[in-house]
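Enquirer: Here is what each chain is made of, one letter per residue.
4 protein chains.
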Amino acid sequence: MNRVLISVIGGHKADKKARDLARQTGRIIARLGAILVCGGLGGVMEYAAQGAKEAGGLTVGILPGEKKKDANKYIDIPIPTGLGYTRNTLVAGCADIVVALPGKEGTLSEIAFALTAKKPVIGLHSWKIPGMVCVESIVELKRKLKN
Amino acid sequence: MNRVLISVIGGHKADKKARDLARQTGRIIARLGAILVCGGLGGVMEYAAQGAKEAGGLTVGILPGEKKKDANKYIDIPIPTGLGYTRNTLVAGCADIVVALPGKEGTLSEIAFALTAKKPVIGLHSWKIPGMVCVESIVELKRKLKN
Amino acid sequence: MNRVLISVIGGHKADKKARDLARQTGRIIARLGAILVCGGLGGVMEYAAQGAKEAGGLTVGILPGEKKKDANKYIDIPIPTGLGYTRNTLVAGCADIVVALPGKEGTLSEIAFALTAKKPVIGLHSWKIPGMVCVESIVELKRKLKN
Amino acid sequence: MNRVLISVIGGHKADKKARDLARQTGRIIARLGAILVCGGLGGVMEYAAQGAKEAGGLTVGILPGEKKKDANKYIDIPIPTGLGYTRNTLVAGCADIVVALPGKEGTLSEIAFALTAKKPVIGLHSWKIPGMVCVESIVELKRKLKN
Chain G
1 MNRVLISVIG GHKADKKARD LARQTGRIIA RLGAILVCGG LGGVMEYAAQ
51 GAKEAGGLTV GILPGEKKKD ANKYIDIPIP TGLGYTRNTL VAGCADIVVA
101 LPGKEGTLSE IAFALTAKKP VIGLHSWKIP GMVCVESIVE LKRKLKN
Chain B
1 MNRVLISVIG GHKADKKARD LARQTGRIIA RLGAILVCGG LGGVMEYAAQ
51 GAKEAGGLTV GILPGEKKKD ANKYIDIPIP TGLGYTRNTL VAGCADIVVA
101 LPGKEGTLSE IAFALTAKKP VIGLHSWKIP GMVCVESIVE LKRKLKN
Chain U
1 MNRVLISVIG GHKADKKARD LARQTGRIIA RLGAILVCGG LGGVMEYAAQ
51 GAKEAGGLTV GILPGEKKKD ANKYIDIPIP TGLGYTRNTL VAGCADIVVA
101 LPGKEGTLSE IAFALTAKKP VIGLHSWKIP GMVCVESIVE LKRKLKN
Chain W
1 MNRVLISVIG GHKADKKARD LARQTGRIIA RLGAILVCGG LGGVMEYAAQ
51 GAKEAGGLTV GILPGEKKKD ANKYIDIPIP TGLGYTRNTL VAGCADIVVA
101 LPGKEGTLSE IAFALTAKKP VIGLHSWKIP GMVCVESIVE LKRKLKN
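Protein chains in written order, with this note's numbering: chain G, 1 to 147; chain B, 1 to 147; chain U, 1 to 147; chain W, 1 to 147.
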């Protein structure tokens, strides 16, 4: 009841570094007792969910398509929406806090939506947009999320 | 992983009978090991979520507004959407099975959407629309959900 | 400025009778000076738009897909949404008045949404849901729309 | 039939310079024979619509709320959506071309969505995001839109 939701956003294509950041971010979120929300697909979304599961957390994937099976295997609760890219607004809008990792325009759209909705957005190796809090390391991210 | 999602739909105003049906439906869903999805507000949504929690289940509330706190107190995972009534399509569309209890036009819109999306819809004291499976008692509902 | 919007809803598969009703409905709407809104695809949507164009009207098609070219050839203003079936809520919700012609579950979902949004819904050979005004002929529909 | 749709995006609060840019942009769009789409409210949206009407164009306003009357007075076709900020994805996604004028996070979300959807985005005194074409004057914007 009343659990904190933290969305992790980032590209569906992710290099080694982004994958590591995502997995560590997922673990931090789970250890804080928060629920991890993401877009449910591959790349940053998958590695973040994997990290959360490794730390015993709960994961929600808000999917663009209509099929539950599109979700990556670390998603506990897949929410197929059939909304296409518009589901980005839900990923950004449903969370208490948004963590932005490396990504392209899709990630930028989620950052912008989160800022429009007055959500706290923490960026780590991601876009730098006025209104975000930008950190440079996982350690710093952890500290920010704890507060 | 790969858990079944069952949506319970019905009015936000519910009389004694509808509340009882909702609560019992929530319990059945939780005992089947499925996740209960609903619109997250009062009436049938609240009693269904209460039943699921009493039986140790997990509950998701897909909310019309932008605020997590709009959710009733039995919702584990509130998903505020800011989509207004349009969120009905998500409640109907994200589930593997939809259970329709007493309700008005909002409930009808969810039934119709679920049928459009080719989801199985089981009605209990609700609208009777071609394509739905209509049952007359909780016992019968339980039997249908087990199959 | 401040022009009336009338949505025509009905199946994408339409028999001869439904096509005639749709075309005549489109003509009536255009002659009243109202803008015709529909789902932009085939069947009832296309014949209604054709009727409106024959009478010199303006037509809007709110499309489920992301491509403008999905619109039928009588649509002046195609609005691709990428929302899938969820776009039904927009077709129903943006209008001042909704006219329901023969159709299946998709049409029912639009009727239910329109009623949820407290819109006047006039049915002609369509679903009969409490809260709708049901008429039996084009002449009667015309009379209702004039008021 | 098959008319070009051009969306103009920008802040609902606009200073003198932004208002002038918006109005001139609206005129250019109308003179090209394209339909102007915007978010239907005040600021850049209103001045762009005003410009389009002054040049004899047609204007569509995709509104966040449920009421047609929220539209500014230069909107011919108001589309109330009830989707809140999520309507931004429709403003960005339904157009053939997007013109970005000065604005804040809401404008950025529309730019990002348009880029995600592979739409051409021309910016004039707006955000500068990789993938956009950025121009520095109305003359240059006009030239780009003509091609």
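Since the hints were made in silico from the structure, they are not lab data. There could be a bad hint or two in this list.
Calculated lysine-lysine pairs in the DSSO-like style (CA-CA distance at most 27 angstroms, straight line) [claimed, not checked]:
| hint | chain 1 | residue 1 | chain 2 | residue 2 |
| --- | --- | --- | --- | --- |
| 1 | B | Lys13 | G | Lys73 |
| 2 | W | Lys144 | W | Lys119 |
| 3 | G | Lys69 | G | Lys144 |
| 4 | B | Lys104 | G | Lys142 |
| 5 | W | Lys17 | U | Lys67 |
| 6 | B | Lys67 | G | Lys146 |
| 7 | U | Lys67 | B | Lys104 |
| 8 | W | Lys16 | U | Lys67 |
| 9 | G | Lys73 | G | Lys128 |
| 10 | G | Lys128 | W | Lys119 |
| 11 | B | Lys69 | W | Lys142 |
| 12 | W | Lys128 | G | Lys119 |
| 13 | W | Lys128 | W | Lys17 |
| 14 | W | Lys67 | G | Lys104 |
| 15 | W | Lys67 | U | Lys146 |
| 16 | B | Lys104 | B | Lys67 |
| 17 | U | Lys128 | B | Lys118 |
| 18 | U | Lys13 | W | Lys119 |
| 19 | B | Lys104 | U | Lys17 |
| 20 | B | Lys69 | B | Lys53 |
| 21 | U | Lys69 | W | Lys16 |
| 22 | U | Lys142 | W | Lys67 |
| 23 | B | Lys13 | B | Lys104 |
| 24 | G | Lys118 | G | Lys146 |
| 25 | U | Lys118 | U | Lys16 |
| 26 | B | Lys67 | B | Lys53 |
| 27 | B | Lys119 | U | Lys13 |
| 28 | B | Lys144 | G | Lys67 |
| 29 | G | Lys142 | G | Lys128 |
| 30 | G | Lys13 | W | Lys118 |
| 31 | G | Lys118 | W | Lys144 |
Each pair of labels, with its calculated beta carbon distance range [said to hold, decoys possible]:
| hint | chain 1 | residue 1 | chain 2 | residue 2 | range |
| --- | --- | --- | --- | --- | --- |
| 32 | U | Gly42 | B | Lys144 | 48 to 56 angstroms |
| 33 | B | Arg143 | W | Gly131 | 23 to 31 angstroms |
| 34 | B | Lys73 | G | Asp70 | 39 to 47 angstroms |
| 35 | G | Glu54 | B | Val133 | 36 to 44 angstroms |
| 36 | U | Arg31 | B | Lys67 | 41 to 49 angstroms |
| 37 | W | Asp70 | B | Lys13 | 38 to 46 angstroms |
| 38 | U | Lys118 | W | Val4 | 31 to 39 angstroms |
For glycine and all other residues, C-beta sits at the position ideal for the given N, C-alpha and C.
Enquirer: Now tell me if each hint is right for this structure.
Expert: Each hint tested on the structure:
no.: 1; hint: B:Lys13 x G:Lys73; in the structure: violated (38 angstroms)
no.: 2; hint: W:Lys144 x W:Lys119; in the structure: holds (14 angstroms)
no.: 3; hint: G:Lys69 x G:Lys144; in the structure: violated (34 angstroms)
no.: 4; hint: B:Lys104 x G:Lys142; in the structure: violated (47 angstroms)
no.: 5; hint: W:Lys17 x U:Lys67; in the structure: violated (34 angstroms)
no.: 6; hint: B:Lys67 x G:Lys146; in the structure: holds (22 angstroms)
no.: 7; hint: U:Lys67 x B:Lys104; in the structure: violated (35 angstroms)
no.: 8; hint: W:Lys16 x U:Lys67; in the structure: violated (36 angstroms)
no.: 9; hint: G:Lys73 x G:Lys128; in the structure: violated (31 angstroms)
no.: 10; hint: G:Lys128 x W:Lys119; in the structure: holds (23 angstroms)
no.: 11; hint: B:Lys69 x W:Lys142; in the structure: violated (48 angstroms)
no.: 12; hint: W:Lys128 x G:Lys119; in the structure: holds (23 angstroms)
no.: 13; hint: W:Lys128 x W:Lys17; in the structure: holds (18 angstroms)
no.: 14; hint: W:Lys67 x G:Lys104; in the structure: violated (35 angstroms)
no.: 15; hint: W:Lys67 x U:Lys146; in the structure: holds (22 angstroms)
no.: 16; hint: B:Lys104 x B:Lys67; in the structure: holds (24 angstroms)
no.: 17; hint: U:Lys128 x B:Lys118; in the structure: holds (22 angstroms)
no.: 18; hint: U:Lys13 x W:Lys119; in the structure: violated (32 angstroms)
no.: 19; hint: B:Lys104 x U:Lys17; in the structure: violated (31 angstroms)
no.: 20; hint: B:Lys69 x B:Lys53; in the structure: holds (18 angstroms)
no.: 21; hint: U:Lys69 x W:Lys16; in the structure: violated (38 angstroms)
no.: 22; hint: U:Lys142 x W:Lys67; in the structure: holds (25 angstroms)
no.: 23; hint: B:Lys13 x B:Lys104; in the structure: holds (9 angstroms)
no.: 24; hint: G:Lys118 x G:Lys146; in the structure: holds (19 angstroms)
no.: 25; hint: U:Lys118 x U:Lys16; in the structure: violated (31 angstroms)
no.: 26; hint: B:Lys67 x B:Lys53; in the structure: holds (22 angstroms)
no.: 27; hint: B:Lys119 x U:Lys13; in the structure: holds (21 angstroms)
no.: 28; hint: B:Lys144 x G:Lys67; in the structure: holds (23 angstroms)
no.: 29; hint: G:Lys142 x G:Lys128; in the structure: holds (19 angstroms)
no.: 30; hint: G:Lys13 x W:Lys118; in the structure: holds (17 angstroms)
no.: 31; hint: G:Lys118 x W:Lys144; in the structure: violated (35 angstroms)
no.: 32; hint: U:Gly42 x B:Lys144: 48 to 56 angstroms; in the structure: violated (36 angstroms)
no.: 33; hint: B:Arg143 x W:Gly131: 23 to 31 angstroms; in the structure: violated (56 angstroms)
no.: 34; hint: B:Lys73 x G:Asp70: 39 to 47 angstroms; in the structure: violated (32 angstroms)
no.: 35; hint: G:Glu54 x B:Val133: 36 to 44 angstroms; in the structure: holds (41 angstroms)
no.: 36; hint: U:Arg31 x B:Lys67: 41 to 49 angstroms; in the structure: holds (46 angstroms)
no.: 37; hint: W:Asp70 x B:Lys13: 38 to 46 angstroms; in the structure: violated (29 angstroms)
no.: 38; hint: U:Lys118 x W:Val4: 31 to 39 angstroms; in the structure: holds (36 angstroms)
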